[in-house]
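There are 2 protein chains.
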Amino acid sequence: MNPAQSIAQQFLQQYYQTLMTNKMALIQFYTNASIMTYGGELYNGLKAINEKLESLAFQKIVYKIDDMDVQPGAVQNSLFLFVTGSLQMDDSDAFKFSQSFQILPNGQGGLYVHNDIFRLVY
Amino acid sequence: MNPAQSIAQQFLQQYYQTLMTNKMALIQFYTNASIMTYGGELYNGLKAINEKLESLAFQKIVYKIDDMDVQPGAVQNSLFLFVTGSLQMDDSDAFKFSQSFQILPNGQGGLYVHNDIFRLVY
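Protein chains in written order, with my numbering: chain A, 1 to 122; chain B, 1 to 122.
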């Protein structure tokens, strides 16, 4: 595993772990420059993303990652990530999903989600 | 449809139309700065991408796009794209796929594929 893959894996583990255990804490991965698209709807900046997180109505969600791809992004020290997997909400069947991120340095030694696009795949 | 969506749709139409009709001509969408990941393998720059295109053994491929999402990318006038759809090679069954691109200005008024990650989703 190269350094980019290692950073990506650690980032995604933290991201999905947070989403599974405390969805409102997921906002820490975003900034006002962030753009999230979820099911075809676009949410721009912290306020819109926070409202979208609040609206997610599941009691329990379980993510399982099948594959993760990583590339260097368009700016220095950024990463372009692609995830496929499945998720299960409450007692639903499992759904396949794909999600793509671009994560950028946050100026404080960490990374934030600049671009985030999520789709269920049926 | 906003201007970014319109540019993205036109770009993707040209991209998949080229792939379906003349796969080797797809190289025109890439530069030496491009990175393509296909089935978990990474191809960096024109030579590697061209060799990968040559290795694709289908006689006939048909892409059908189900959904397209677009966001502004990390650098000015760049776009972050996400596609889900299905494809059929020769007489195979249809496979679901997801593909994510970041397209950047090429300095000549056009756009090139900087990041490209493709996965079949089963």
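Bear in mind the hints are in silico, worked out from the structure with no lab data behind them.
It is possible that part of the hints are untrue.
No distinction is drawn between identical chains; accordingly, a pair holds when it is met within one copy or between any pair of copies.
[As the list claims (entries may be wrong)] In silico DSSO-like links for lysine-lysine, alpha-carbon gap of 30 Å or less:
hint : residue 1 : residue 2
1    : Lys60     : Lys23
2    : Lys52     : Lys96
3    : Lys23     : Lys52
4    : Lys47     : Lys96
5    : Lys47     : Lys23
6    : Lys64     : Lys23
7    : Lys47     : Lys64
8    : Lys60     : Lys47
These are the hints, each one checked on the structure:
1. Taking the closest pair of Cα atoms, lysine 60 and lysine 23 come within 30 Å of each other only inside a single copy of the chain (10 Å); across copies the shortest separation is 44 Å, beyond that limit.
2. Proximity of lysine 52 and lysine 96 under a CA criterion of 30 Å is satisfied in both settings, with 21 Å inside one chain copy and 27 Å between copies.
3. Taking the closest pair of Cα atoms, lysine 23 and lysine 52 come within 30 Å of each other only inside a single copy of the chain (11 Å); across copies the shortest separation is 40 Å, beyond that limit.
4. In this assembly of identical chains, the alpha carbons of lysine 47 and lysine 96 lie at most 30 Å apart only when taken from the same copy (28 Å versus 34 Å across copies).
5. Proximity of lysine 47 and lysine 23 under a CA criterion of 30 Å is satisfied intra-copy only: 15 Å inside one chain copy versus 44 Å between copies.
6. Taking the closest pair of Cα atoms, lysine 64 and lysine 23 come within 30 Å of each other only inside a single copy of the chain (16 Å); across copies the shortest separation is 34 Å, beyond that limit.
7. Within a single copy, lysine 47 and lysine 64 get their C-alpha atoms as close as 28 Å, which meets the 30 Å cut-off; across copies the closest is 35 Å, which misses it.
8. Taking the closest pair of Cα atoms, lysine 60 and lysine 47 come within 30 Å of each other only inside a single copy of the chain (23 Å); across copies the shortest separation is 47 Å, beyond that limit.
Comparing the model with each numbered hint stated earlier shows that all of them hold.
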